[in-house]
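Participant: Next come the chains, spelled out residue by residue.
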Amino acid sequence: MTATAVPPRERGITLHAVTKSFGGNHVLRGVTADLPADRIYGLLGANGVGKTTLMALICGHTFRSGGQILIDGEDPVENAAVLRRTCFVHEDQRYNDNFTVAQVLAPGPAYFPNWSAETAERLARRFRLPPKTASKKLSRGQRSALAITISLASRAPYTFLDEPYLGLDASARSILYDEVLTEYVAHPRTIVLSTHLIDEAADLMEDVLILEDGVVAVHAEVDLARRESFIVRGPQEQVRALIGAREVLTERHLGNLLTATVRGQASDADRALAHQTRLALEPATLQEFVAAIGVRSHDRSDIA
Amino acid sequence: MSPAPDGRPIFLEIADQIAADILTGAYPQETPVPSTNELSVHYRVNPATAGKALNLLVDDGVLYKRRGLGMYVATGAPEALRARRRAAFVEEFVLPLRAEAARLGFTDREIVDFILKDSS
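Residue numbers (the numbering used here), protein chains in the order written: chain B, 1 to 304; chain E, 1001 to 1120.
Watch out, some of these pointers could steer you wrong.
As the list claims (entries may be wrong) - Derived lysine to any residue pairs resembling SDA-like cross-links, with alpha carbons at most 20 Å apart:
no.: 1; chain 1: E; residue 1: LYS1052; chain 2: B; residue 2: SER267
no.: 2; chain 1: E; residue 1: LYS1052; chain 2: B; residue 2: ASP203
no.: 3; chain 1: E; residue 1: LYS1052; chain 2: E; residue 2: LEU1081
no.: 4; chain 1: B; residue 1: LYS136; chain 2: B; residue 2: ARG189
As the list claims (entries may be wrong) - Here are some chain B residues the structure puts well away from chain E; computed CB gaps all over 10 Å:
no.: 5; residue: THR19
no.: 6; residue: THR32
no.: 7; residue: THR62
no.: 8; residue: PHE112
no.: 9; residue: THR182
no.: 10; residue: ALA186
no.: 11; residue: ALA217
It should be emphasised that the hints constitute simulated quantities derived from the structure, not laboratory data.
Heads up, the beta-carbon is just placed ideally off N, CA and C, and yes, glycines get one too.
The whole structure should be built from the sequences, with the hints applied where relevant.
Facilitator: What follows is the structure, given as structure tokens:
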């Protein structure tokens, strides 16, 4: 492992040149990020960019291939004191098949020093988790609800939520977002949330990290990340003239009409030109931006 | 609260909403507005976003901080907000109306007639 280059934070997560390979598959190619404690982070990017792997590495659930990870200035690998400050329920977490929901929740206080029985009880009730049902008989949505219940009740200073909404309907997702904020404002802590439902969860986040090809492509405050791209649509020649030398993330054609997602912020001059030449110019949503980065990355690997 | 279609940051939307509630008298002068945490849970936004909205209104003199008690509506805030909106009225409402009317070929006389007819 390489020597430290980033001064470690007293409270927070420091990642320096973190790599992870599975055989010849280089999932993480050098992730560097400095994450102050007690914020809600959105961890975004297409499937396979390494979001789950990164969370598992930070929590010491798997070993990194290289680089450095520090939580509160300490390496989490085989460090029980640090690991007790983290909570990461895997998306495909298996429990003892014969344990009921109540039995899965019962040992919470033994694992997590800050465990809140009251939060566990409230979430289990709001998600209508059947306490006496065997964990192996839970539906996809109920397993997600159980994972959310454990994660929020843990009140772990570093809580990781990996696509926590799988199988949840709109009302249950609404409860999820409510409870994340309610718990967070009452007991501030670091929450890392990976999600593909970006538009409905973006307002929860303070900062976002967008992974692309195993590295951090964007790390910014959510309002700034929202301004990292725009969409312009109109006759091909005029659209190209407006874009100039800027990077086009994705483009779609309909006859002579071109819709392009462009990297960067639209300037007043862009807006004036768009108005004058009657082009539609609008900011891309964060979800559109992340999707465009993913599409660009797919198309690149097709060529390679 | 969902992002504005024009990509305006959410904290500006929340600040506008609080300002509108002050204008209608929902938050009278010299009374507290909800805390950062209350706004965060209510609008379902990160507390940092809610905090930015409150700070913006403090910077504008609409709210002021009472140590240990939270944010209060400043005396004269409704009048100040109303004056600011009046100043922006032509640019935000009249000019776009005239621009669209011009695109559609309406004369100024016709616009005036529409307004008078609808308000009678």
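Participant: Next step is simple, just say for each hint if it's right about the structure.
Facilitator: Tested hints:
The suggested pairing of E/LYS1052 with B/SER267 is violated, with an alpha-carbon distance near 24 Å, which exceeds 20 Å. About 13 Å separates the Cα atoms of E/LYS1052 and B/ASP203, which keeps this hinted pair within 20 Å; it holds. For the given pair, E/LYS1052 sits about 18 Å from E/LEU1081 by alpha-carbon distance, which is consistent with the 20 Å threshold. Distance hint between B/LYS136 and B/ARG189 is unfulfilled; the C-alpha atoms sit about 31 Å from each other, more than 20 Å.
With 10 Å as the threshold on Cβ separation, the claim that B/THR19 sits away from chain E holds: the shortest Cβ distance comes to roughly 31 Å. Distance to chain E confirms B/THR32 as a non-interface residue, since its nearest Cβ pair spans about 23 Å, more than 10 Å. No Cβ of chain E comes within 10 Å of the Cβ of B/THR62; the nearest lies about 29 Å off, and the non-interface call holds. Distance check on B/PHE112: its Cβ is at least 23 Å (rounded) from any Cβ of chain E, clearing the 10 Å threshold; non-interface status holds.
At roughly 6 Å from the closest C-beta of chain E, the C-beta of B/THR182 falls inside 10 Å, breaking its exclusion from the interface. Distance check for B/ALA186 against chain E: the nearest CB is about 8 Å away, which does not clear 10 Å, and the non-interface claim fails. The beta carbon of B/ALA217 is kept farther than 10 Å from every beta carbon of chain E, the shortest such distance being approximately 20 Å.
Taken one by one, the earlier hints fail for this structure at numbers 1, 4, 9 and 10, listed in ascending order.
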